[in-house]
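S.K.: Residue numbers (this note's numbering), protein chains in the order written: chain X, 1 to 223; chain A, 1 to 223.
Please keep in mind that the hints were generated in silico from the structure rather than gathered at the bench.
Incorrect hints may appear among the rest.
Far from chain X by the CB rule (all over 10 angstroms, computed), these chain A residues [what the hints assert, rightly or not]:
| id | residue |
| --- | --- |
| 1 | 49 |
| 2 | 73 |
| 3 | 96 |
| 4 | 114 |
| 5 | 125 |
| 6 | 163 |
| 7 | 219 |
Restricting the straight-line Cα-Cα distance to at most 20 angstroms, the calculated cross-link-like pairs of lysine to aspartate or glutamate (DMTMM-like) are [unchecked claim]:
| id | chain 1 | residue 1 | chain 2 | residue 2 |
| --- | --- | --- | --- | --- |
| 8 | X | 129 | X | 104 |
| 9 | X | 127 | A | 29 |
| 10 | X | 118 | X | 168 |
| 11 | A | 64 | A | 101 |
| 12 | X | 64 | A | 137 |
| 13 | X | 127 | A | 47 |
Since we're looking at a predicted model, the values are computed, not measured.
Positions of the beta carbon are idealized from the N, C-alpha and C atoms, including for glycine.
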Amino acid sequence: MSGKVVLYYFDGRGKMESIRWLLAVAGVEFEEVFLTTRAQYEKLVNDGALLFHQVPLVEMDGMKLVQSKAIMNYIAGKYNLYGKDLKERVMIDMYAEAARDIMDMIMMLLFTQPENKKSELEKVQVKAKVRTLPAFEKALGASQFLVGNQLSCADVNFFEASLMLEEEFPTILSSFPNIQAFQKRMKAIPAINKFLQPGSQRKPPLDEVIIKTAKEVLSHLFK
Amino acid sequence: MSGKVVLYYFDGRGKMESIRWLLAVAGVEFEEVFLTTREEYEKMVNDGALLFHQVPMVEMDGMKLVQSKAIMNYIAEKYNLYGKDLKERVMIDMYAEAARDIMDMMLPLPFVPPEKKQNQLENLQVKAKLRTLPAFEKALGASQFLVGNQLSCADVNFFEASLMLEEELPTILSSFPNIQAFQKRMKAIPAISKFLQPGSQRKPRPDGVYVKTVMDVLSHLFK
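Okay, chain X solo, but in the shape it has when bound (with noise of 0.2 angstroms):
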């Protein structure tokens, strides 16, 4: 049925929670198919529905999407959140790509062995305020929204992985204002105040559970 949106993925966060909140804030529908088993994994593989053998894959407008950044810009562009022309996009891809890159960082601390994961959590922290956090710091001073006066995926992506962030390190943002009054604006948004309910689609943080689910479905990768 031509406009129905499926999300094939584990019923977590990982890789597909990013595009959970684009379609969320785009204020489109969508699906869920939780992955539970090898089973299940193998059956979409020989069924040729994973392009790469890889998860996320988003059912929508007649194709199998993969790759979550390919899903993340088609879902941008069609939805208007992709800015006006080419050089707000590279603007937009700027900022979308580092707040991805954090939030990929913090997805992987899930990963570490327990011996190095102070080490790693450090290195998050490290990264993200005094390398990412000031960037977004002062482009929010400067404007309502990251690029071009209206909202677009890069201010989806980083309110998310500010989210994140505070998750992890409750006090991060205590010296970014400018960041916190943003976060303040992000959550009036009826689609996004809707979204942090409980309730909605989104996913609560990876816990041990969803972890070896996934290591077990994609048991390839993890021997």
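With chain X's structure known, arrange chain A on it following the hints.
M.R.: Relative to the frame of chain X, chain A by itself:
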């Protein structure tokens, strides 16, 4: 001076090489400033030239662009290497991201100790042969180019990735005849043929000098 394109990076491939390839194929001349000391890097940071304190950085069209994927997408769009509509663009992004994933797996190899390198090469080989190359083999069986019957940044990224794979794993393409034929066709494109000649701005494989330079300049990442 408008129109001049300047690349700031190390004198080596790293995350800048894919950008060099795209500019070369687009027929865009560029100059390069090579980072060799920590002081040079710190000066760029203090001058505000590096938005997130990272290289690659590309000066073009009055902007200081960072984030390699943002830069590549900009060049692709500007020079007509990004398909004709949103649906072609997402297909291009899917294939380009998969090619970039493969190249990203090879980026750390010069920096890891020999005993780890063998294991990582094995992971790379399995992933490439089982999950990445078959998808490209299939697409290139149906068409001269990956998407939309015209050259795109997906073709350029994948061609580069295929050459890098052969450098690490010389026989890896032996069971992929469509990819081999694709390589022949790409090599015949004048801009690519020229870039493959000695004396072009294409960089050689990383060596000990390159590794040492990166570790000196980005010392904060190698503590």
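S.K.: Among the hints numbered above, which are violated by the structure, and what are their numbers in rising order?
M.R.: 2, 3, 9 and 11
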